[in-house]
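There are 2 protein chains.
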Amino acid sequence: MATASGKQPHVVVVGGGFAGLWAVRALARAPVRITLVDRCNHHLFQPLLYQVATAGLSAPDIAAPLRHILRRQANVEVRLAAVAGVDADAKCIRLEGGDAIAFDYLLLASGATHAYFGHDEWEAHAPGLKTLDDALHLRRRLLLAFEHAEAEPDPQRRKAWLEFAIIGGGPTGVELAGTLAEIARHTLRREFRRIDPAQARVRLVEAGPRVLPSFPETLSAKARRQLERLGVEVVTGTPVTRITGEGYWLGEQFVPAGTVVWAAGVAASPLARSLGVPLDRAGRVRVAPDLSVPGHPDIFVAGDLAAVSQGKRAVPGVAPAAKQMGRHVAKAIAARLRGAEAPAFRYRDFGNLATIGRMAAVVDFGTLRFSGLPAWWFWLGAHVFFLIGFRNRLVVLLNWFWAYWSYQRVSQSAKPRRTVTAPGQVAERYRHFF
Amino acid sequence: MATASGKQPHVVVVGGGFAGLWAVRALARAPVRITLVDRCNHHLFQPLLYQVATAGLSAPDIAAPLRHILRRQANVEVRLAAVAGVDADAKCIRLEGGDAIAFDYLLLASGATHAYFGHDEWEAHAPGLKTLDDALHLRRRLLLAFEHAEAEPDPQRRKAWLEFAIIGGGPTGVELAGTLAEIARHTLRREFRRIDPAQARVRLVEAGPRVLPSFPETLSAKARRQLERLGVEVVTGTPVTRITGEGYWLGEQFVPAGTVVWAAGVAASPLARSLGVPLDRAGRVRVAPDLSVPGHPDIFVAGDLAAVSQGKRAVPGVAPAAKQMGRHVAKAIAARLRGAEAPAFRYRDFGNLATIGRMAAVVDFGTLRFSGLPAWWFWLGAHVFFLIGFRNRLVVLLNWFWAYWSYQRVSQSAKPRRTVTAPGQVAERYRHFF
Numbered sequence: 001m002a003t004a005s006g007k008q009p010h011v012v013v014v015g016g017g018f019a020g021l022w023a024v025r026a027l028a029r030a031p032v033r034i035t036l037v038d039r040c041n042h043h044l045f046q047p048l049l050y051q052v053a054t055a056g057l058s059a060p061d062i063a064a065p066l067r068h069i070l071r072r073q074a075n076v077e078v079r080l081a082a083v084a085g086v087d088a089d090a091k092c093i094r095l096e097g098g099d100a101i102a103f104d105y106l107l108l109a110s111g112a113t114h115a116y117f118g119h120d121e122w123e124a125h126a127p128g129l130k131t132l133d134d135a136l137h138l139r140r141r142l143l144l145a146f147e148h149a150e151a152e153p154d155p156q157r158r159k160a161w162l163e164f165a166i167i168g169g170g171p172t173g174v175e176l177a178g179t180l181a182e183i184a185r186h187t188l189r190r191e192f193r194r195i196d197p198a199q200a201r202v203r204l205v206e207a208g209p210r211v212l213p214s215f216p217e218t219l220s221a222k223a224r225r226q227l228e229r230l231g232v233e234v235v236t237g238t239p240v241t242r243i244t245g246e247g248y249w250l251g252e253q254f255v256p257a258g259t260v261v262w263a264a265g266v267a268a269s270p271l272a273r274s275l276g277v278p279l280d281r282a283g284r285v286r287v288a289p290d291l292s293v294p295g296h297p298d299i300f301v302a303g304d305l306a307a308v309s310q311g312k313r314a315v316p317g318v319a320p321a322a323k324q325m326g327r328h329v330a331k332a333i334a335a336r337l338r339g340a341e342a343p344a345f346r347y348r349d350f351g352n353l354a355t356i357g358r359m360a361a362v363v364d365f366g367t368l369r370f371s372g373l374p375a376w377w378f379w380l381g382a383h384v385f386f387l388i389g390f391r392n393r394l395v396v397l398l399n400w401f402w403a404y405w406s407y408q409r410v411s412q413s414a415k416p417r418r419t420v421t422a423p424g425q426v427a428e429r430y431r432h433f434f
Numbered sequence: 001m002a003t004a005s006g007k008q009p010h011v012v013v014v015g016g017g018f019a020g021l022w023a024v025r026a027l028a029r030a031p032v033r034i035t036l037v038d039r040c041n042h043h044l045f046q047p048l049l050y051q052v053a054t055a056g057l058s059a060p061d062i063a064a065p066l067r068h069i070l071r072r073q074a075n076v077e078v079r080l081a082a083v084a085g086v087d088a089d090a091k092c093i094r095l096e097g098g099d100a101i102a103f104d105y106l107l108l109a110s111g112a113t114h115a116y117f118g119h120d121e122w123e124a125h126a127p128g129l130k131t132l133d134d135a136l137h138l139r140r141r142l143l144l145a146f147e148h149a150e151a152e153p154d155p156q157r158r159k160a161w162l163e164f165a166i167i168g169g170g171p172t173g174v175e176l177a178g179t180l181a182e183i184a185r186h187t188l189r190r191e192f193r194r195i196d197p198a199q200a201r202v203r204l205v206e207a208g209p210r211v212l213p214s215f216p217e218t219l220s221a222k223a224r225r226q227l228e229r230l231g232v233e234v235v236t237g238t239p240v241t242r243i244t245g246e247g248y249w250l251g252e253q254f255v256p257a258g259t260v261v262w263a264a265g266v267a268a269s270p271l272a273r274s275l276g277v278p279l280d281r282a283g284r285v286r287v288a289p290d291l292s293v294p295g296h297p298d299i300f301v302a303g304d305l306a307a308v309s310q311g312k313r314a315v316p317g318v319a320p321a322a323k324q325m326g327r328h329v330a331k332a333i334a335a336r337l338r339g340a341e342a343p344a345f346r347y348r349d350f351g352n353l354a355t356i357g358r359m360a361a362v363v364d365f366g367t368l369r370f371s372g373l374p375a376w377w378f379w380l381g382a383h384v385f386f387l388i389g390f391r392n393r394l395v396v397l398l399n400w401f402w403a404y405w406s407y408q409r410v411s412q413s414a415k416p417r418r419t420v421t422a423p424g425q426v427a428e429r430y431r432h433f434f
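Protein chains in written order, with this note's numbering: chain Z, 1 to 434; chain P, 1 to 434.
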């Protein structure tokens, strides 16, 4: 098939996350020209983003330049630009700044961002965690809270600076809370003279009845116990009703807190709205079975931006699902080029895993469920394996090994402890504001 | 000796760089209380800062938290604060925000920043390189220039985006120019579709007659040849007379350039002025032989802020000199506490070395001078050895090994080349904007 211009068909992919990047790679041998458009110059390994926020990893450990990943794939051009909208009828995307890019096929995979459920004014007081910038901002906030506490002469205000709340008991909230408790209790040990960082209260607040609601109840209960063992105070069944610069309201009660982190909700990228098709409550596009947009067979949506149901269950917003959707869209486009029908997308669920902190995690394979140390080892292996690029994997392993070793040493020279450090940990010498 | 308050004498150290940190450590067993005040929470290994600016290393590789370094030294307290001035007669320092800290002894080691010789309006167009923030800003500018060139349809403007000028032929300018030429010629290879990054012009401009003016003439000449071999255009004997957002004037000639980097001059921290004593032309304090401030025997100055002469030669503004001064001040304070006279500072010159880029460096030990590959190996060993903290050394070595290996692999699979990569290089998968 050729376009009006006589060239190969032009596939435009918006978003270099798991969905977009995996689609681009799967089209490497297809007779198409591809343009990949992203606001950032890197692909981000989002499952480890909380580690950057808590200073356990450095930004480049989990980010790889898109141009570099794709440098040998001759049929793709990378464009660093922000997309303002899609003109579905004219078959082009509009860039911020005024340019437009015409497409024969479009994959919209611009993902999701954190959402404040109509309380956008909370964003200034309770930052979220979706991008590398978010992570670096959050890291600075967390470390500065301890500095403020150390410098604060007023006991009430000092106490507030040592009060941390993570809002939202999903995987990100659980990871952040577990890691932050570790930092306060172990990593910052001996570093302050006027405060004891171990006195910091790390509270995980979940409005629903249990943490990790996408996991079976038994694993949620285990996760809660593991969190409490790490020193996290878990509050469930109570919504946060207001957040200000001074603290947050837990139901009717005001809690003064220097640091509130938002891990409670995500909303789809606003680009979905420009398609002019029905969206679900979270702003995601209700796609056809082949992941195309109803009424626009040449426009596909994949990843967190797509609302896809498999039987009764929604396909979850996780990296493996995004990769599978991306690869499916590549197949669907290739089928169309051959004049064939695009197949329907089928999600293969390989299981669900979440880490909690030091040597603590939960794994759900449906029939096989486990938690604690074995789950943590499994989580570690899976995440290191899936990190893009050999070098990053090696550095991440080295960092974690270092964290493990240095923490053991520190704890042994202080007083005997049975605990050891792990990826839920800050590498001691690695902490800094940038 | 006890203070009026009956406690141990209070030593305040301003600045956690080489001078300040080495003084604090040398006072570990002295009968004093120490407060170390710094605007940043980390000690920075400044000799490798250009590597962060050129994306070869990550910020935490060369930064270590001051609190962590000093966590076992019980007589020191770290304070994260900006110092507004010194009140020499009242013996206290004033912090931004209004607080004051009284001292019995003061070490002012707040270093230097880049200076524009009365052209502060150039700063917006030609960023300098003194802090981690500077390095991350510069990295973003350098990488974005290639992105702008790729996106620019106008050939004239595209050419300007591929025009890089480094102003100043000292060690920092030489390192930046050599590394940038490598990035353009090798690292970014294959990554763009509309531009050839190897067409970028990297120009090193030095107003004086030769690069590396602090080295002997023969080594300057060798450095110039090595730079030219790496693809840098070296311009000497011509001053830059004006810098704007569009380019720079080289004498009377305007050169359109998307990126201009300032490596031409440093000026002492403005804190020196608050002492109310004579300063030299660069704003440094003319200290007494024991590094104290004339007329204020309890106030010392060390590092880049101190103007010290040894015979006819000025002590250079390099890390070994700063460390030696810091340790000397600790000895001088200890002597005063014993009621003894503080000895005079003597600088031991262990030689001078500068790196240029891939396998290129110059070393000057006075009688022993060498350049090229042996000098580069020497430079590598010295820098890895002196990096604070075992873990950082290991990671830096690993990064460099990776850069070496991956570049070789890339170049071999393209066409045979005799060149190999090295620390003057960007680790391929390591590049990102943050």
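No wet-lab data here; the hints were simulated from the structure. Don't be surprised by glycine CBs; every beta carbon is placed ideally from N, CA and C. Incorrect hints may have been included.
Distance ranges between label pairs, derived from CB positions [claimed, not checked]:
no.	chain 1	residue 1	chain 2	residue 2	range
1	P	Asp133	Z	Ala282	21 to 27 Å
2	Z	Arg286	P	Arg201	48 to 54 Å
3	P	Arg348	Z	Asp196	53 to 59 Å
4	P	Pro155	Z	Pro31	56 to 62 Å
Derived lysine-lysine pairs resembling DSS-like cross-links, with alpha carbons at most 30 Å apart [unchecked claim]:
no.	chain 1	residue 1	chain 2	residue 2
5	P	Lys312	P	Lys130
6	P	Lys130	P	Lys159
7	Z	Lys130	Z	Lys7
8	Z	Lys312	Z	Lys7
9	Z	Lys159	P	Lys7
10	Z	Lys7	P	Lys159
Rough simulated footprint, nothing fancy, chain P against chain Z, three-plus residues with beta-carbon under 8 Å [unchecked claim]:
no.	segment
11	58–65
12	290–299
A quick look at each hint next to the structure:
1. Asp133(P) / Ala282(Z): 21 to 27 Å: Violated: the Cβ-Cβ distance is about 37 Å, outside 21 to 27 Å.
2. Arg286(Z) / Arg201(P): 48 to 54 Å: Once the Cβ atoms are compared, 52 Å apart, the range 48 to 54 Å for Arg201(P) and Arg286(Z) holds.
3. Arg348(P) / Asp196(Z): 53 to 59 Å: violated (43 Å)
4. Pro155(P) / Pro31(Z): 56 to 62 Å: 31 Å Cβ-Cβ, so the 56 to 62 Å window is violated.
5. Lys312(P) / Lys130(P): This hinted pair holds, its Cα atoms lying about 28 Å apart.
6. Lys130(P) / Lys159(P): Within the cut-off at roughly 29 Å; holds.
7. Lys130(Z) / Lys7(Z): Between Lys130(Z) and Lys7(Z) the Cα gap is close to 38 Å, so the pair fails against 30 Å, i.e. violated.
8. Lys312(Z) / Lys7(Z): violated (43 Å)
9. Lys159(Z) / Lys7(P): Since the Cα atoms of Lys159(Z) and Lys7(P) sit roughly 28 Å apart, the hinted pair holds (cutoff 30 Å).
10. Lys7(Z) / Lys159(P): holds (28 Å)
11. 58–65: Since 7 is at least three, the answer is holds.
12. 290–299: violated (count 0)
Violation of the numbered hints given earlier is confined to hints 1, 3, 4, 7, 8 and 12; the remaining hints are satisfied by the structure.
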